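Heads up: the protein sequence lines correspond to chains A and B, in order.
For the first sequence, position 97 matches number 326 in the numbering used here, and the numbering has no gaps at all.
For the second sequence, position 43 matches number 999 in the numbering used here, and the numbering has no gaps at all.
Derived from the structure by calculation, the hints contain no laboratory data.
Among the clues, some could well be false.
Capping the alpha-carbon separation at 25 Å, the derived lysine-lysine pairs in BS3-like fashion look like this [unchecked claim]:
id	chain 1	residue 1	chain 2	residue 2
1	A	K413	A	K322
2	B	K967	A	K413
3	B	K967	A	K289
4	B	K1041	B	K1031
5	A	K413	B	K985
6	B	K967	A	K361
7	A	K562	B	K967
8	A	K562	A	K544
9	A	K494	A	K437
10	A	K413	A	K484
11	A	K413	A	K320
12	A	K544	A	K361
13	B	K967	A	K544
All values reported here derive from a predicted model rather than from experimental measurement.
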Amino acid sequence: MYTQSFSVPDGSDDAKSVGLKAVPKALNAQDAALQAQFDARIDADGRIEPREWMPEAYRKTLVRQISQHAHSEIVGMLPEGNWISRAPSLKRKAILIAKVQDEGGHGLYLYSAAETLGTSRDQMLDALHSGKAKYSSIFNYPTLNWADVGVVGWLVDGAAIMNQVPLCRCSYGPYARAMVRVCKEESFHQRQGYEALLVMMQGTAEQKAMVQDAVNRWWWKCLAMFGPPDADSPNSAQGMRWGIKRISNDDLRQKFVDATVPQAKVLGVTLPDPDLKWNEARQAHDYGQIDWDEFWATVNGNGPCNKERLGARVKAWNDGAWVREAALAHAQKQQARQQKEAA
Amino acid sequence: MSTTTSTSALKEWPLWEVFVRSKQGLEHKHCGSLHASDSEHALQMARDVYTRRQEGVSIWVVPSASISASEPNDKPEFFDPASDKVYRHPTFYVIPDEVGHM
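Make the full structure from the sequences, and use the hints.
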């Protein structure tokens, strides 16, 4: 799954720091040389690895983006985890458990990548749990019935894949490598969702209506996942300059629309947009206006499930505290015992 | 948002680097890192995180703190002496075509 983090500041960020980062005023000769080396490597499409010199703004942007991405994976487990105990068959239950476990793994790959930039796991989790850090807004909407689980796989994960594939070429090595791993696993997520919907579409009229209803509720939210239009996305240009972002929000959104239209046709559902039509001149689909006010309201904490998601996450963390402490105490005891035996 | 985290729990498990042998005959390859309380725990976590799809037949875990690494800033000095010794490569030597593959 994915986050629209490129353009969304965390709660703590100074509004002024959100736009293009100004070049620091007085670079000393050594810093200027390092900056020139860094720029040359980026221009040559090279990779930056941990512990190498990097501009502070590059590091900060990556920490924010990778940690938001990790948070999205972790919070993304909640809307689907909700359905594990109510999956319609043992097969679907096993599939859903595997998928939710993958999301947990994706969160872990990403937290690890962020840690190579000098932040700690606890700092990141604290930022999530205190509500300071953002995660993908898509998870602040409810999964009302089983069709939603299929649609989340098909459309939400489909949008995520569109977003994540270019990140495999990100200039920061650990992030790119984590994304390669994530993308390999994500394909199963989208296909299982689409296939679950195909099965429902062979069912009763009511089941078909459930699928259409879920598509209607999720479509526009998935389009918003790609983030604000390029014109309103000042961070994008800098992200592109740094080789963190490879394809613009609007271009990714267009690719997603063009890929999804034929899939919807095969599935036998319509996409809820009267303005959606093929544009022969552009060789792409035109589509209607996205409700950005709703998007920002949800990003800023006023979506239907923001409080519930964060509450569930914090409760799980607090309830698990004794397990984390016990594991550490056990390890320390074992270590002490070994030292005593060796003495 | 009404969210407080118990600060007593903010005590991290140590970090481990994970190396996986994807199949017999191949070397262990670094594939990522994770937090775990001890080595046994780290192995179990590595199995769950990095080999869910039969990606490995053997796992090593190493405390990240135990790894010594070359300094990124010393790269030119550290590695340069090798770059002017082209005679270490087979292509440095011109052999008549009629000799065939050598």
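> For which of the previously enumerated hints does the structure constitute a violation, in increasing order of number?
Replying inline: Numbers 2 and 8 - these are the hints that the structure violates, sorted from lowest upward.
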